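Trainee: One letter stands for each residue in the lines below.
There are 2 protein chains.
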Amino acid sequence: MSQDKSLPDLAAVRKEIDAIDQQLQLLINQRAACAQKVAQVKIAEEGENAFFYRPEREAQVLRNIMERNQGPLSNEEIARLFREIMSACLALERPVKVAYLGPEGTFTQQATIKHFGHSAVCVPMAAIDEVFREVEAGSADYGVVPIENSTEGVISHTLDSFMDSGLKISGEVVLRIHQHLLVGENTRPEKISTIYSHASSLAQCRKWLDAHYPGIERVPMPSNAEAARKVKGEWHSAAIAGDMAAELYNLKRLAENIEDTPDNSTRFLIIGRQTVPASGDDKTSLMVSMRNQPGALHQILEPFNRHNIDMTRIESRPSRSGAWNYVFFIDFSGHVDDARVQPVLKEIGERAADMKVLGSYPRGVL
Amino acid sequence: MSQDKSLPDLAAVRKEIDAIDQQLQLLINQRAACAQKVAQVKIAEEGENAFFYRPEREAQVLRNIMERNQGPLSNEEIARLFREIMSACLALERPVKVAYLGPEGTFTQQATIKHFGHSAVCVPMAAIDEVFREVEAGSADYGVVPIENSTEGVISHTLDSFMDSGLKISGEVVLRIHQHLLVGENTRPEKISTIYSHASSLAQCRKWLDAHYPGIERVPMPSNAEAARKVKGEWHSAAIAGDMAAELYNLKRLAENIEDTPDNSTRFLIIGRQTVPASGDDKTSLMVSMRNQPGALHQILEPFNRHNIDMTRIESRPSRSGAWNYVFFIDFSGHVDDARVQPVLKEIGERAADMKVLGSYPRGVL
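In order, the protein sequences belong to chains D and G.
Here the first sequence stands for residues 1 to 366, numbered as in the UniProt record's numbering.
Here the second sequence stands for residues 1 to 366, numbered as in the UniProt record's numbering.
Warning: the hint list may mix true and false statements.
Stated by the list, open to error - Computed cross-link-like contacts, DSS-like style, restricted to lysine-lysine with a CA-CA straight-line distance of at most 27 Å: (1) D:346 to D:356; (2) D:230 to D:207; (3) D:252 to D:230; (4) G:252 to G:207; (5) D:37 to G:230; (6) G:15 to D:42; (7) G:191 to G:168; (8) G:207 to G:230; (9) D:191 to D:252; (10) G:232 to D:168; (11) G:168 to G:356; (12) G:168 to D:232; (13) D:15 to G:42; (14) G:37 to D:15; (15) G:168 to G:207; (16) G:15 to G:168; (17) D:168 to D:15; (18) G:15 to G:42.
Hint data in this document are derived by calculation from the structure and do not stem from the laboratory.
Because the structure is a prediction, the values reported are computed rather than measured.
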């Protein structure tokens with residue numbers, strides 16, 4: 001056993017860890033001292049209200065880290081640690097204040113922490129427009145709101161809030177969500193009579209359930225975790241939940257990744273008062289108002305196609321003003337400062353009744 | 001401005017940060033590789049169910065880090081970052097599963113994360129005895145439960161749970177809690193007619209309020225944060241809340257640290273199935289059953305005094321069995337393996353009807 005010559009010597013490894021920790025500590029504090037120098041320059045140049053948080057710079061740092069990562073820590077884990085280190089360095093000058101759509105414990109909170117780290121001061125708001133108001137009033141530096149979520153219909157609230165707001169999008173966060181069909185040890189697939197999960201998870205797997213468990217009762221639960229816990233001791237029921245719940249309750253995975261859309265993820269926007277310089281891999285969101293006339297949509301889409309700009313999303317919303325029948329929300333790859341993007345914006349600006357750039361921001365890292 | 005020769009050059013500082021980040025990344029991954037080697041040895045020696053998490057070792061690492069810390073990051077912040085790094089390294093082998101007294105967003109969750117970092121899998125339980133059961137059944141590696149909390153009366157539940165359990169205490173976490181009296185910009189102290197806060201915060205500041213704001217209405221709110229938010233726009237009310245809420249809502253501090261006990265903190269216990277070797281600065285918790293006879297308490301306390309062992313806490317609970325009238329819970333400084341502790345335990349063991357060592361564990365770091 002411990003006499004095995006091929007095994008490393010525990011005391012020696014621990015000594016190595018201690019030496020590494022000493023170096024790590026010195027370097028982290030050196031990094032913090034550098035951040036203080038940056039803050040000093042910014043205050044001298046921009047005054048006390050200078051923006052210390054630079055989304056494009058942070059995105060670049062994280063991309064570099066993931067590109068050169070050799071492991072054994074995964075890209076996701078090493079990026080998470082660097083977010084925390086950056087977050088701590090930034091908070092040394094002044095903690096970033098972030099308002100998010102609450103309550104606590106939601107995916108939006110998870111996205112907020114993923115993006116800003118734990119040294120940021122995060123506060124839950126009861127509604128999307130409250131998040132906007134907090135940031136507009138300067139009570140929070142940034143806001144985090146969901147923009148694409150398959151079941152909650154929050155997209156429209158967030159889009160509508162942009163109509164009345166001067167806020168800019170300064171970033172996006174994407175959370176991947178995988179669902180599994182989980183059962184207790186003694187459950188046989190053919191005996192399943194009930195499937196438990198949160199309503200939105202049941203909705204995300206609707207087609208899969210229709211195909212594989214037609215006619216089986218689906219019961220909504222307050223959370224996926226509670227669904228998993230419930231089926232642990234039962235032999236005639238299954239739960240839909242993610243990796244964490246499966247591990248925690250030692251459940252068997254009857255089927256993995258059963259969500260209907262192969263890339264099931266929820267997307268969030270970071271909103272703020274600042275415009276973000278190009279990071280090298282950016283997206284831009286536009287809001288365009290058009291009269292409801294034949295060919296209106298084509299008039300907007302055509303320049304993107306002609307200039308070979310990759311449009312990633314388009315949504316339309318009825319206008320609130322009544323004067324223009326539709327408002328289009330368009331996402332495309334590129335930054336407003338890119339030479340190839342500017343002619344497109346110019347052309348659309350000439351054709352549309354109104355056009356507003358909601359923001360150019362780094363594409364979500366991971 | 002930017003021409004100022006005394007200011008650092010931003011581009012140069014950023015280059016320096018990039019170089020630091022490269023080294024940091026290499027070192028963190030080297031540390032992770034070391035952790036894998038440790039795990040390899042442990043599996044060879046102790047089998048697949050080996051304990052990778054070593055509370056005494058982690059406490060030593062954090063103490064060293066805080067002792068040699070030169071800043072600019074605070075001891076608390078650098079310790080937090082190292083907890084995260086250790087947590088990530090540990091999770092590489094197998095994530096630690098921790099059951100805690102829920103719901104999410106409570107101080108117990110904060111304590112759990114403070115102790116285990118974000119790479120641990122944490123699950124909220126509805127009651128203290130459920131936390132015990134999860135750990136006993138092996139569904140969770142550790143549990144986190146509050147043990148001293150001025151208002152909720154949870155001590156007795158936790159103590160009672162130990163009576164029926166074979167679990168060991170493997171650590172403690174202390175969270176400091178400071179309360180301030182906060183008002184909006186235009187509020188004058190003499191105009192305050194209502195004070196809002198969470199019920200337990202109102203209770204924590206009762207004496208101070210009686211002395212300084214007698215007869216003023218105290219209104220309980222769902223949380224301190226909501227209390228702070230409520231008073232922001234009012235001119236005749238105040239809130240009791242902590243630093244985070246004060247900063248977030250830009251409230252004025254009429255009075256700071258108004259909690260009645262100068263060291264207002266909540267203490268939590270980590271419970272597990274393993275005994276923890278000495279870390280160099282440890283505490284031990286004992287459970288002692290005594291017949292209710294004159295001098296019983298003195299018989300227990302006397303050996304501590306004579307052997308010069310520092311007793312930090314004593315609680316008595318009525319016994320459930322009925323056979324013995326009282327059960328005493330005693331905390332003292334030292335580890336069961338210390339030469340000076342062993343004669344004390346021997347003497348108490350001879351005098352008591354029953355004695356159980358609940359655990360020796362590292363004193364809470366920070």
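Trainee: Report the numbers of all earlier hints that the structure fails to satisfy, in ascending order.
Mentor: Violated hints (numbers, rising): 5, 7, 15, 16, 17 and 18; every other hint is consistent with the structure.
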